[in-house]
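Engineer: Chain by chain, the residues run as shown.
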Amino acid sequence: MGSDYAIEADDLRRTYRARTGWLKPTRTEVEAVRGVTFEVGRGELFGLLGPNGAGKTTTIKMLNTLLIPTSGTARVGGFDVVKQTKQVRRRIGYVFGGDRGLYDRLSALDNLRYFAELYGVAPREQKRRIAELLDLVGLAGRERERVEGYSRGMRQRLHIARGLLHSPDVLFLDEPSIGVDPVAARELRRTVGDLAATGTTVLLTTHYMAEADELCDRIAVISDGCIQALGTPAELRKHADGFRVVEVEAYGVPDTAVDTLRGLPGVRETAVEVKGALQLLTVHSDAHVDVQGDVLRELAGIRLGRVNSREPTLEDAYVAIVSAA
Amino acid sequence: MSTLRLLLVGTLLHAKQISRSPFEVAIALVVPVVQATLAVYLFRSGGEQHRLLEAAVGAGVMGVWSSVLFGSGGAIQNQRWQGTLEMIMMAPRRPALVILPITIATGITGTYALLATLAWGRLLYGIRLDFAHPVAFVVAAVVCVVGLGMFGLLLAATFVLMRNANALANTLEYPVWLVSGMLVPITVLPAWTVPVAAILPTTWGARALREATSGGPVWPSVALCLGISLICLLVGFLVMGRVERRARAAATLALA
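Chains as they are written, first to last, in this note's numbering: chain A, 1 to 325; chain B, 326 to 581.
It cannot be assumed that every hint is accurate.
As the list claims (entries may be wrong) - Below 25 Å or equal to it, Euclidean Cα-Cα: the simulated DMTMM-like pairs (lysine to aspartate or glutamate) are: (1) A/K275 x A/E311; (2) B/K341 x A/E145; (3) A/K238 x A/E315; (4) B/K341 x A/D104; (5) A/K238 x A/E44; (6) B/K341 x A/E143; (7) B/K341 x A/E148; (8) B/K341 x A/E125; (9) B/K341 x A/D110; (10) B/K341 x A/D99.
The hints are simulated quantities; they were obtained by calculation from the structure and are not laboratory data.
Between the sequences and the hints, there should be enough to build the whole structure, so can you do that?
Structural biologist: Given below as structure tokens:
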């Protein structure tokens with residue numbers, strides 16, 4: 001690679017235009033990415049975090065040549081993603097989460113053979129490479145079964161094997177652990193970590209903070225199409241410096257009570273996560289203000305479970321960054 | 326060599342994928358019976374008993390055309406639904422080389438329609454399979470199938486660009502049946518259809534098969550079918566590159 005960076009994005013923008021209706025056509029425009037700039041060093045494991053619709057997948061698709069940016073430039077391995085598409089494609093792998101992206105009625109072996117041909121893996125290399133990857137992702141022995149009979153985790157592992165067939169310099173992983181069970185997710189993290197350790201540059205998008213915290217050298221938090229914060233996990237955690245977090249498990253908290261909590265002196269953010277009958281109430285406050293007593297007083301009469309006051313995590317920092325956007 | 330391997334492996338795997346679809350299998354079983362029946366009753370009522378084989382061949386070509394048309398459109402749309410269109414289009418290959426195996430695979434699976442229509446015609450209606458030029462018939466059938474596969478590449482270019490590819494496929498099926506003279510002689514159609522028919526490889530493919538069945542100069546029609554198909558292939562190669570770029574600009578490779 002000629003460039004110092006594996007990935008360079010400079011003021012990338014992407015607008016989706018759609019037209020609906022024939023007689024009275026309505027045109028809509030959605031600005032999915034609004035000026036994203038970042039660089040990823042060679043061999044770096046870089047995370048792109050953000051809520052749904054933040055622009056993560058659009059950014060990845062512009063970098064891996066599937067979408068042409070509306071404006072701005074991007075280079076992968078020193079090659080322009082619009083003008084030098086073929087050179088970029090030879091050097092990248094793309095893996096996304098979910099059930100799609102494979103030929104279901106074919107076997108894993110057929111899928112891998114086909115993609116090995118598409119990516120120009122030399123015929124004498126194919127057998128060895130496919131066997132090596134099947135071993136790596138734990139599908140050896142199941143490769144002749146049709147993909148339609150695979151579990152979500154197995155499909156995800158096959159996706160990864162497919163993405164690695166041509167030994168790419170840069171691997172784009174778009175929410176690879178979505179819907180995967182915890183044991184399979186841990187295996188996946190280990191595989192991704194090993195890849196980065198052997199020099200593959202990885203750009204990972206995920207919703208799981210723990211995953212990003214464990215794996216990524218640096219993380220960019222993207223929201224509303226813009227990068228809101230960028231740094232190492234430790235640096236990002238500083239966005240929650242001066243915060244304290246109170247977590248309360250409760251049952252039947254009315255919206256009005258949550259609004260009242262938001263108005264308490266020292267409270268910066270409140271969030272409610274519903275887990276069945278249980279509501280997990282998270283209150284971010286200034287570290288020097290003890291809000292726990294006030295919170296419990298406001299929730300008097302409501303059935304409560306565990307109450308916990310703790311230091312902020314990367315997830316809290318992420319919530320603080322996204323909420324401030 | 327690498328390109329040939331890609332075309333061969335791609336065609337085999339896509340043919341395998343298409344032939345394992347329960348929907349495709351059901352269509353392949355039912356449609357030839359319907360088409361054979363249609364052809365036989367049409368020609369019987371017209372008092373042309375002696376031309377029943379010709380009718381069955383025409384109906385078989387209709388089946389190949391439907392397979393290529395819906396195969397090309399349907400395969401591209403299916404790939405879009407199953408998320409594989411993006412994966413194959415981002416391979417470091419010319420877009421046409423990625424799509425051509427799909428359209429040739431649809432032509433190959435369409436061969437079944439031709440054979441099955443003849444078989445059903447023989448079994449159900451006792452049509453005698455006496456071909457005037459049997460060897461020429463086999464050559465014409467191969468050229469017709471490969472030619473339609475190449476024509477399919479040109480169609481597929483449109484399907485890559487359009488999210489609702491099936492709508493276009495639906496509107497093209499019957500007009501091409503009619504204009505190409507697969508079942509009804511071109512001579513009974515309005516004069517303005519003649520130039521349209523002349524540039525369609527389906528017209529010459531159907532004519533070659535008809536001439537091989539009932540007698541006539543087969544080879545000029547075979548040559549014209551092949552020639553027009555090669556032009557379609559060339560244009561398809563040129564167009565597909567541009568279409569792929571437009572699809573990336575318009576974001577139509579994925580569902581949304």
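Engineer: Evaluate each hint against the coordinates.
Structural biologist: Taking the hints in turn, this is what the structure says about them:
1. A/K275 x A/E311: Holds, because 23 Å separates the two Cα atoms, which is no more than 25 Å.
2. B/K341 x A/E145: Given pair B/K341, A/E145 holds - Cα atoms ~14 Å apart, limit 25 Å.
3. A/K238 x A/E315: holds, 12 Å
4. B/K341 x A/D104: holds, 11 Å
5. A/K238 x A/E44: holds, 22 Å
6. B/K341 x A/E143: Holds - the C-alpha atoms of A/E143 and B/K341 are around 16 Å apart, at most 25 Å.
7. B/K341 x A/E148: holds, 14 Å
8. B/K341 x A/E125: Given that 25 Å is the threshold and the Cα spacing comes to 24 Å, the pair holds.
9. B/K341 x A/D110: holds, 10 Å
10. B/K341 x A/D99: Given that 25 Å is the threshold and the Cα spacing comes to 20 Å, the pair holds.
Of the hints listed earlier, there is not a single one the structure fails to meet.
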